[in-house]
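Residue numbers are given in our numbering: position 5 of the sequence shown equals residue 5, and the series is strictly consecutive.
Simulated from the structure, these hints should not be mistaken for lab results.
Check the hints yourself; a few may be wrong.
Pairwise CB distance ranges, derived in the manner of DEER restraints [said to hold, decoys possible]:
no., residue 1, residue 2, range
1, Ser27, Glu49, 37 to 45 Å
2, Glu72, Ser51, 20 to 28 Å
3, Arg23, Glu50, 30 to 38 Å
4, Glu9, Gly68, 14 to 22 Å
5, Asp54, Pro3, 16 to 24 Å
6, Ser27, Asp54, 19 to 27 Å
7, Ser27, Asp52, 38 to 46 Å
For glycine and all other residues, C-beta sits at the position ideal for the given N, C-alpha and C.
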Amino acid sequence: MGPAIVIFEDGSEVPVTVSLVLRYDPSRDDNRESDRNSTWAGSVTLVDEESDVDLSDAFPGVLRLPNGRESEFMATGGQRESGCSGIGPAPFVDA
């Protein structure tokens, strides 16, 4: 949970606050907290409430965390506040 940047396909960037979690596959017995290949999801909220940016345009977008790690995600609805579904490795855990 914390600050991040959403990068849209056109290269524009907006600051957001994110709350992200790993989703483990119940059919696997080798899930672990550091598994960057687990499915991840959460919520994304625009920092600037006056912005005319629409998070639902992140189709896909890139999420950049303060540690510099990035991963693609899909916004799952909402203009200023959206759910998100990760594409690829989670950017918030160690390999």
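Each hint, compared with the structure:
no.	hint	in the structure
1	Ser27 - Glu49: 37 to 45 Å	41 Å, holds
2	Glu72 - Ser51: 20 to 28 Å	21 Å, holds
3	Arg23 - Glu50: 30 to 38 Å	33 Å, holds
4	Glu9 - Gly68: 14 to 22 Å	20 Å, holds
5	Asp54 - Pro3: 16 to 24 Å	20 Å, holds
6	Ser27 - Asp54: 19 to 27 Å	36 Å, violated
7	Ser27 - Asp52: 38 to 46 Å	43 Å, holds
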